[in-house]
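Asker: So you can see what is in the structure, the chains are spelled out below.
Number of protein chains: 4
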Amino acid sequence: MPSKQKTAVIAGVGPGLGASLCRAYAAEGYQVYALARSLKGAELGDGTRFIATDLTNEDSVRAAFQGIMAETGRVDSAVYNASGMVISEFKGLSSGEFEALWRVSTLGAFLFAQAALPSMADVGEGALLFTGATASIKGGANFAAFASAKFALRGLAQSLAREYGPKGIHVVHTLVDGIIWSDRARDKFGMTTETSMNPDAIAAAYLDMAHQHKSAWTHELDLRPYCEKF
Amino acid sequence: MPSKQKTAVIAGVGPGLGASLCRAYAAEGYQVYALARSLKGAELGDGTRFIATDLTNEDSVRAAFQGIMAETGRVDSAVYNASGMVISEFKGLSSGEFEALWRVSTLGAFLFAQAALPSMADVGEGALLFTGATASIKGGANFAAFASAKFALRGLAQSLAREYGPKGIHVVHTLVDGIIWSDRARDKFGMTTETSMNPDAIAAAYLDMAHQHKSAWTHELDLRPYCEKF
Amino acid sequence: MPSKQKTAVIAGVGPGLGASLCRAYAAEGYQVYALARSLKGAELGDGTRFIATDLTNEDSVRAAFQGIMAETGRVDSAVYNASGMVISEFKGLSSGEFEALWRVSTLGAFLFAQAALPSMADVGEGALLFTGATASIKGGANFAAFASAKFALRGLAQSLAREYGPKGIHVVHTLVDGIIWSDRARDKFGMTTETSMNPDAIAAAYLDMAHQHKSAWTHELDLRPYCEKF
Amino acid sequence: MPSKQKTAVIAGVGPGLGASLCRAYAAEGYQVYALARSLKGAELGDGTRFIATDLTNEDSVRAAFQGIMAETGRVDSAVYNASGMVISEFKGLSSGEFEALWRVSTLGAFLFAQAALPSMADVGEGALLFTGATASIKGGANFAAFASAKFALRGLAQSLAREYGPKGIHVVHTLVDGIIWSDRARDKFGMTTETSMNPDAIAAAYLDMAHQHKSAWTHELDLRPYCEKF
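So the sequence lines, in the order shown, correspond to chains G, C, X and R. Position one of the first sequence corresponds to residue 1 (this note's numbering), numbered consecutively onward. Position one of the second sequence corresponds to residue 1 (this note's numbering), numbered consecutively onward. Position one of the third sequence corresponds to residue 1 (this note's numbering), numbered consecutively onward. Position one of the fourth sequence corresponds to residue 1 (this note's numbering), numbered consecutively onward.
Treat each hint with caution, since some may be false.
The list that follows gives simulated cross-link-like pairs (lysine to any residue, SDA-like), each with its CA atoms no further than 25 Å apart [unchecked claim]:
hint, chain 1, residue 1, chain 2, residue 2
1, C, Lys138, X, Gly168
2, R, Lys167, X, Asp200
3, X, Lys214, X, Gln5
4, X, Lys188, X, Ser119
5, C, Lys138, X, Lys214
6, X, Lys214, R, Lys167
7, G, Lys6, C, Ala201
So the derived label-pair ranges between C-beta atoms look like this [said to hold, decoys possible]:
hint, chain 1, residue 1, chain 2, residue 2, range
8, X, Asn57, C, Lys167, 38 to 44 Å
9, X, Lys167, G, Thr192, 39 to 45 Å
10, R, Asp122, X, His211, 40 to 46 Å
11, X, Gly168, R, Gly124, 37 to 43 Å
12, X, Gly168, G, Met85, 22 to 28 Å
13, C, Ser88, G, Glu89, 28 to 34 Å
Reference excerpt, derived from the structure (chain C facing chain G, CB under 10 Å, subset only) [claimed, not checked]:
hint, residue
14, Ala42
15, Asp46
16, Gln212
17, Lys229
No lab work stands behind these hints, which were simulated from the structure alone. Even glycine gets a Cβ: it sits at the ideal position worked out from N, Cα and C.
Looking at chain G on its own, in the form it has when it is part of the complex (with noise of 0.2 Å):
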């Protein structure tokens, strides 16, 4: 029998939105499961459970949500929030940079999907969101390996979204448009907390995504920081 409580699996959390992502899906009560091949010292709340995860293998993907099945019958939000990047002139990008990519980007996503679907599509409910960016949209110089890879999600969750949407999950894709803080950003692009995004910000534009009523859901949304070129 399910869990009372509801159940949130968040995929891809180093110390950036994932690690916001766990911690605002717990304040609203779920119980959070973070998958990740380690957690590089993302500070996830208490609560929140950690799956040591191959995101891109098949059988990894599926156990970690066999587990969660396991233990509490249900899964409400599943956040896929993995993804690598690559910037480089073309000629200097090898076909496995770009293969690699994708993996990690968009193969993770289609096994992520594949194993949080079924449970939300037994009940008719339930949320699947994916982490996308400018690059989701605009394929710049020098980022084609992260143009494609993100395109690529892009239009997987746009046919997913066609496709479970009628049957009430509902399928949403950020453009996450803007550097998220961290020391990292400070340090590599002269971030500020001004300049940059605010990581639990973002979560909790997640949080209304996943809250939204079936009658009027969005499924691309754009987020930004206020003083961002656009």
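Following the hints, complete the assembly by docking chains C, X and R onto the known chain G.
Answerer: For chains C, X and R alone, coordinates are given in the frame of chain G:
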């Protein structure tokens, strides 16, 4: 001295979304003003003040905002929700109809923004929201007038977002991609509460937008019923 | 009885693209008519007939097309190339400027389409082209009036394409995403022939569109110089 | 020393568009090379040289281009026209199918671009074209694999356009928004020559692109039959 209570101004309040917006802002503690030519039976809820306004007339719109500023000294949220609608073969569409639709759907939004933005710019915060439609991004056959006016509104909203975002003002354009529930939606289009959009649910999404942290703002929000083809 | 020679009608002919369009159609053997308030020194080439027309005035536009039909009995290609341009902070933009720009850029296109389409629909073929700009799909800061008018034109063009395509009429919207070469482009924006767009090259692309086989029609054509950022 | 005759390389040549592209380029005087695993009965026309190539294999693609460069010393136009197609409920879609479709539709395009671009970059000119589809911009229900792969191709093409445009290389992405005429289209989808797209007409549009003046380049070209709903 500005009131401590926040102020929301809603333009275009028939019995559908406009009334829900008034009630939703009021429920969040805002002093709400409704601007329209007449109320047409809309139930705005207690506390909402109605100001009879010709939204296509610059003096009328300006006077309404002057009255509001005199009373409260602030405008925190302003929503332009007025729109006409014409469905017609192009051949039978008169230039008068084409222009009238632009006046209420686009020029009115321009006048509303001109009146609402100065007080927001003075304090460096506020939210300005425009109600778009499917026709804002897709010009369908027989929708020449409506699509042209709604595309025009979207171009205006985008430009304002890029100019006023860095000044701390959140400009949002919604894409209401479905039919809002009403007696007319039922009688004319055969809608049910299941296939149409609940105006209170849409209004809740507007409030989410108005309350987003400025580090993660959405500019364009699509909204549709779970079962809608898109 | 219609002339054996094809007819092209070009609205909006300053020294830039309009004149190139006249010359390009003439070079392909069309009888060309140029509609504008005045020629402003444009060199239209031999054979092009100029009809002084107020493009924002319904009677004037209708009279121009009646004259053309009386002479040739056919309109094969019609290009609406007229547009104004205002760059201004929103604060300093008057409603009069906002409306005037819409009149020449959008309403004029509506009137032109109303006058051009009936004779095309009678024979079930013809090409109707509209000149768009970067601002047709992106509302930049300080472009509120221009973006709104150009978005509106695009919505109109899309709707016409969907309504008239199945009737055999090819409706095309171009996105001229760059600055067209002219003395003014050089003096005002520092353009060179290398960084700006050759109007003859743009006109050649319009001709390609007008001559596409109806089994493979383009509705929206973006055009930019090879070195343009986009 | 490079040949005086221009060279075109077409990847993906079944009996449909690929063969038409070969014939169209040949008719314009190009030396044409067709790259595919096999010809499947495609009539490429006299003069086209077939090189058996596994387009998803880096060494195979590289060898094909090395052979071409050894023979002609130049690549003027290169078209990646290969693609798979899977229509399936998401539930029944295996990760193997998802990946295989990406390999032929996206990774192959990456390998092709890597092999084609260096010789173009050396001379600062050339045209690189990719064949997209409706699914490149719209992820429909049951098209998760195809849409994801085609979105990915579009992201790649955009990025290359922005990187290589300023280097004089014209990168074009087409949106073939309709069903191309073939015996299979007739038998499987009930298409007629009236409702489907003539591959020769599509090929003509590709040639128009390849020959655009670099002062007015198109990056994305939509193509559909006149009667197509869109």
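Asker: Now tell me if each hint is right for this structure.
Answerer: Against the structure, the hints come out as follows:
{"no.": "1", "hint": "Lys138(C) with Gly168(X)", "in the structure": "holds (21 Å)"}
{"no.": "2", "hint": "Lys167(R) with Asp200(X)", "in the structure": "holds (22 Å)"}
{"no.": "3", "hint": "Lys214(X) with Gln5(X)", "in the structure": "holds (20 Å)"}
{"no.": "4", "hint": "Lys188(X) with Ser119(X)", "in the structure": "violated (41 Å)"}
{"no.": "5", "hint": "Lys138(C) with Lys214(X)", "in the structure": "holds (22 Å)"}
{"no.": "6", "hint": "Lys214(X) with Lys167(R)", "in the structure": "violated (34 Å)"}
{"no.": "7", "hint": "Lys6(G) with Ala201(C)", "in the structure": "holds (22 Å)"}
{"no.": "8", "hint": "Asn57(X) with Lys167(C): 38 to 44 Å", "in the structure": "holds (39 Å)"}
{"no.": "9", "hint": "Lys167(X) with Thr192(G): 39 to 45 Å", "in the structure": "violated (57 Å)"}
{"no.": "10", "hint": "Asp122(R) with His211(X): 40 to 46 Å", "in the structure": "violated (34 Å)"}
{"no.": "11", "hint": "Gly168(X) with Gly124(R): 37 to 43 Å", "in the structure": "holds (42 Å)"}
{"no.": "12", "hint": "Gly168(X) with Met85(G): 22 to 28 Å", "in the structure": "violated (49 Å)"}
{"no.": "13", "hint": "Ser88(C) with Glu89(G): 28 to 34 Å", "in the structure": "violated (53 Å)"}
{"no.": "14", "hint": "Ala42", "in the structure": "violated (19 Å)"}
{"no.": "15", "hint": "Asp46", "in the structure": "violated (24 Å)"}
{"no.": "16", "hint": "Gln212", "in the structure": "holds (6 Å)"}
{"no.": "17", "hint": "Lys229", "in the structure": "holds (8 Å)"}
The structure does not agree with the numbered hints 4, 6, 9, 10, 12, 13, 14 and 15 stated previously, though it agrees with the rest.
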